[in-house]
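Going line by line, the protein sequences match chains A and B.
Numbering that gives the first Met the number 0 puts the first sequence at residues 0 to 303.
Numbering that gives the first Met the number 0 puts the second sequence at residues 0 to 840.
Incorrect hints may appear among the rest.
To be verified - Think about it this way: if two alpha-carbon atoms lie no more than 25 Å apart in a straight line, the pair counts; the simulated PhoX-like pairs of lysine-lysine are:
1) B:Lys452 to A:Lys177
2) B:Lys638 to B:Lys302
3) B:Lys365 to B:Lys391
4) B:Lys778 to A:Lys237
5) A:Lys237 to B:Lys775
6) A:Lys201 to A:Lys155
7) B:Lys479 to A:Lys210
8) B:Lys391 to B:Lys438
9) B:Lys493 to B:Lys479
10) B:Lys384 to B:Lys700
11) A:Lys243 to A:Lys198
12) B:Lys367 to B:Lys695
Worth flagging that the hints you see were computed from the coordinates, not collected in a lab.
Keep in mind that this is a model prediction, so the values were computed, not measured.
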Amino acid sequence: MSDRKTLQVQRISGHPGPVAGAGMQREEQVCKLIDTTTCIGCKACEVACVEWNDMPFQPTMFDNTYQTMPDTHWNYWNLIKFNEVTNEDGTFQWLMRKHQCMHCADPGCLAACPADGAIVQYRNGIVDFQEENCIGCQFCVSGCPFNVPKFSPTTKKVYKCTLCSDRVGQGLEPACIKACPTGCLHFGTKSDMLMLAEKRVKQLQTVSGFKEAGTYDPQTIGGTSVVYVLHDASNPEKYGGLPKNPRIPLSFTIWKNWFKPIGLIASMMAFAGVILHYVTEGPRRPQPQPPVKEVDGGEGKKEN
Amino acid sequence: MTNGWVDIKNTDMMLIMGGNPAENHPCGFKWVIEAKRNRDAKIVVVDPRFTRTASVADQFLQIRAGSDIAFLGGLINYALANNRFNHEYLVNYTNAAFIVKEGFKLPEDGLYSGYDATARTYDKSTWNYEEVGAGAHASDTHSHAVQSSPVPPPTLPPNVAYDLSLQHPRCVFQLLKQQYSRYTPEMVERITGIPRERAIKAWETFTSIRQNGDMKKAGTIIYAVGWTQHSSGTQTIRTAAMIQLLLGNVGRAGGGVNALRGHSNIQGATDMAGIFDILPGYLKMPVPADTDLKTYLTRTTPKASKPKEWDSFNYWSNTPAFTVSLLKALYGDAATKENDFAFNWLPKIDRKYSWAEIWDDMYNGKVKAMMAFGMNGVMIGPNAKKNIEALKKADFLVVCEIYPDETSEFWRAPGTTPEEMAKINTTVYRLPGAGFAEKDGTFVNSARWLQWKWAAVPPPGDCRLDQEILARIFLKIRGKYQQEGGKLPDPILKASWNYTNPNNPSLAEVAKELNGKALADVTDPKTNTTIKADQQLPGFAFLRDDGSTMSGNWLYCGSWTEAGAMIQRRDPADPSGLGIHANWAWSWPMNRRVMYNRASCDLNGKPWDPDRKQIWWSEAKQKWAGNDVPDFKPDSDPKSHMGPFIMNPEGVGRLFVPIGAVADGPFPEHYEPTESLIANPLHPSQSNNPIAKRFKSDMDKYGTPDQGYNIICTTYRLTEHYHYWTKNNPMNVQLVPEPFVEIPAELADQMGLRGGEKVKVTSARADYIAKAMVTKRIKPMMVDGKKTYQIGIPIHWGYRGIAEDAGKTAKTPANYLSPAAIDPNAYTPEFKGFLVKLERV
Chain A
0 MSDRKTLQVQ
10 RISGHPGPVA
20 GAGMQREEQV
30 CKLIDTTTCI
40 GCKACEVACV
50 EWNDMPFQPT
60 MFDNTYQTMP
70 DTHWNYWNLI
80 KFNEVTNEDG
90 TFQWLMRKHQ
100 CMHCADPGCL
110 AACPADGAIV
120 QYRNGIVDFQ
130 EENCIGCQFC
140 VSGCPFNVPK
150 FSPTTKKVYK
160 CTLCSDRVGQ
170 GLEPACIKAC
180 PTGCLHFGTK
190 SDMLMLAEKR
200 VKQLQTVSGF
210 KEAGTYDPQT
220 IGGTSVVYVL
230 HDASNPEKYG
240 GLPKNPRIPL
250 SFTIWKNWFK
260 PIGLIASMMA
270 FAGVILHYVT
280 EGPRRPQPQP
290 PVKEVDGGEG
300 KKEN
Chain B
0 MTNGWVDIKN
10 TDMMLIMGGN
20 PAENHPCGFK
30 WVIEAKRNRD
40 AKIVVVDPRF
50 TRTASVADQF
60 LQIRAGSDIA
70 FLGGLINYAL
80 ANNRFNHEYL
90 VNYTNAAFIV
100 KEGFKLPEDG
110 LYSGYDATAR
120 TYDKSTWNYE
130 EVGAGAHASD
140 THSHAVQSSP
150 VPPPTLPPNV
160 AYDLSLQHPR
170 CVFQLLKQQY
180 SRYTPEMVER
190 ITGIPRERAI
200 KAWETFTSIR
210 QNGDMKKAGT
220 IIYAVGWTQH
230 SSGTQTIRTA
240 AMIQLLLGNV
250 GRAGGGVNAL
260 RGHSNIQGAT
270 DMAGIFDILP
280 GYLKMPVPAD
290 TDLKTYLTRT
300 TPKASKPKEW
310 DSFNYWSNTP
320 AFTVSLLKAL
330 YGDAATKEND
340 FAFNWLPKID
350 RKYSWAEIWD
360 DMYNGKVKAM
370 MAFGMNGVMI
380 GPNAKKNIEA
390 LKKADFLVVC
400 EIYPDETSEF
410 WRAPGTTPEE
420 MAKINTTVYR
430 LPGAGFAEKD
440 GTFVNSARWL
450 QWKWAAVPPP
460 GDCRLDQEIL
470 ARIFLKIRGK
480 YQQEGGKLPD
490 PILKASWNYT
500 NPNNPSLAEV
510 AKELNGKALA
520 DVTDPKTNTT
530 IKADQQLPGF
540 AFLRDDGSTM
550 SGNWLYCGSW
560 TEAGAMIQRR
570 DPADPSGLGI
580 HANWAWSWPM
590 NRRVMYNRAS
600 CDLNGKPWDP
610 DRKQIWWSEA
620 KQKWAGNDVP
630 DFKPDSDPKS
640 HMGPFIMNPE
650 GVGRLFVPIG
660 AVADGPFPEH
670 YEPTESLIAN
680 PLHPSQSNNP
690 IAKRFKSDMD
700 KYGTPDQGYN
710 IICTTYRLTE
720 HYHYWTKNNP
730 MNVQLVPEPF
740 VEIPAELADQ
750 MGLRGGEKVK
760 VTSARADYIA
770 KAMVTKRIKP
780 MMVDGKKTYQ
790 IGIPIHWGYR
800 GIAEDAGKTA
810 KTPANYLSPA
820 AIDPNAYTPE
830 FKGFLVKLER
840 V
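Please model the entire structure based on the sequences and the hints provided.
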């Protein structure tokens, strides 16, 4: 964790106690801007991600597409989705969208995660998995509105893009940004990225004739730390299933917002009952123990 | 590239055709995106497929492979009809006003004047300018018939007749108009399959930068081997050059004709004469008739040919200095004035020795051995099966590689039976080479930059650097000659080999040798600077024809001077903001970043666009000054009317190419690909390029639609792979694991074919099996009224590699399919736009 020391945590999954960074004045939020209108699908970001994170290779299968694999994988966090789209007006587009964790302001994964400290959100907006605390329950997988976290059957843990928190913590840009040859990927503060996106959207609308061009920063999950520029923001679904209004599944909201407080109250009441019991009944008296048989030869065996 | 990668950011308009830079040059493509983002530049993409480049284009037009000249000819016609050219540029910087000799005939019937049907060549004597006062003379086209001795090749007249009003019926401008008036939108639609309204829209968009001749804006044309790899490839590129001259885009920031090279150092390979018909620095190769140096120099040194009132720098008049300096670099002290600087030790070419000819010769038993370095010989040529058969007949083969490849294991080609293998007597020597990151040296990129690179890691194990392998072979051979003598031993015994470590020359020493040095004190009379003997030369202006200088490649002179290695510079500063980066590496010629940049100024020497000032005439200093190095005579006052195209004897750009500098015609004409579905709508009786080369061996078959070859096939590369190497690298294999064939969805529907199912592609030469990629990115098109389908095959797989060794592919190289049909100028085979049939497996 030493390489992430400059990152302050503001939310921790499954954590009952106070969080150091919570409620403090917000640090400037970091953001990745992906301009799909200048992406050429070269996959440099895919390779950079695999290499920076030292991911093991896996065999892939030809699947009638330029896309490397159908979806992200536990060891493949960054995937360009290729979509051949014939629009209603007959125009044809080959849309390429870099797909990875969106680093939501209200992360569904974190909400769903029951393991203390398995998922944290830093004050700069990065949502990061801490594999050492992951219990492999895969609640985060169902909690994510973008289908990002992936389970490894080998390690029994879940993985996803970290927004290169190790690099960002050291003041570097994420590996995918560094590798992008066309500059369709940008990295900076959220406000700067939104400004840049706005400028590009205006250009797309006025110069390139994309009337529906827009920025994708869904407010249904409080906005994201990964923002897209789309030629057609009215229909993000055509960019390989980007949800128009992503939401954390209701079950997790209910669990987090209703059951957890109720559970907490219940457990506190149980604890109060225990105290009451102690006060009224006093401590437990020692019980008589059964005799224990000595095991011999243990030392000698060890020497063999 | 006339310009450079970075310069693309200066453009207002891009025509990307015959290339897919987003796929094959993703890093360079950043400048395309920058122009788009920062200058609102428009991109028009024309390609047989909707490519990665097309995905970010403003307009995409699907063209039939092999019909590019028709589309571009239509563009010329459109520009001429709609006043989309600049009169001042056209009249003064091109040969538009020059008058062409009487007797010259345009190819209305598919043939220019002078065609000899039996020899399949042209007599080019009418392809010339008219000399002042010579108009009344009868044509001498047939005079040679009565002469017994061969006529000398035609030469350009020194005093060219011209008509600045451009009205003379035989002036280049009128002939140009006449030639391309036949390329109407209707005709272009028939030939290319592009609906006329879409073609007109694209022409309108591209030429809009020159609305009413206004010179403020600039447009670039970007291409790659999608234009080159046709039986009329050179002429396609000529058409682009003509468009750019007509529109006044050459020499300008954001303009030019820009070839994207497909390998990191292919420009360097060309500069250093990796082709049979040139010597380093594009000097011409001697022929048997060049019995001595003088004859050779007389033949190859052009004389100025221009209107009397104009001036022409005619830079190739320095050919003698370049040639003698090269001979001094090759043969050192053994090259003396007395022995003609050892001119007769140079090889002389009696015929063509292009790539496909070498293999044909080996197949026919004439070539007995091959040394293959840094390339996968059987994979990169057309009709690859023939190449494999040829190797089976060779005595020996030497391959220097970093992987076992298809060439070094040619006997593993699919279909070779164990009995056949037993009969192969070719001895194969495999030499362990070093990879690019294990070597230092230079890359010359598309922008003509010589950039030094340093080795990242040493070669592993027994691997050796190329120069060590070559040096040791050379020294061994020289030792043999010393001991045993031999035919013409001098070129080998006396070759200059003055390296500190002769067995492993340092590439820094070689680079310094290419730059060249003074062998005696040399003084420039104009500046009165003297370069002392043994000092590195600062530039090619110091090269001499008397043996007092040496230079391995005159174009590289200036790259490693007394001031140090210019090629190792890494200063990114760019004060003008034009992307010139004058102190980053070094660009030939003389660190000029945009060639012919005199043409970026008007006749008076003022930049056409004051916001993009490249160079200008400084009245105060009476010199050309600039942000870039002027590609011009530094003190030539604009009043002297010296032409900006200093490498042409005319001094101006050639809309019309005289005396056969291009073999198949002074103007490009659309010819059908060697294998075509239709007869040429322009002239059905002369459908193909009359002088494109075909081969005659039993393995060289060419298909026709009658034989059932009814689908057009094109081949190309993917961004995920690099030629035939990366199939050995797990990361690349993970990105694209297997070969595939891209098939239009409509065609697949007809065949009941689904994506991922195997298909067999068959040409007249061989077949190829891979999985189908059914896509909407290739649409059916109407060509000359017939519904036509095109398919595409990426070339990366063969019979050695990760997927191949795991038995995942059919192991056939894509070039099993392509025909050995050769462009008559660049000798490039027709890898794109041949005929196949398609079946389910």
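request  = Return the numbers of the hints above that this structure violates; sort them in rising order.
outcome  = 6, 7, 8
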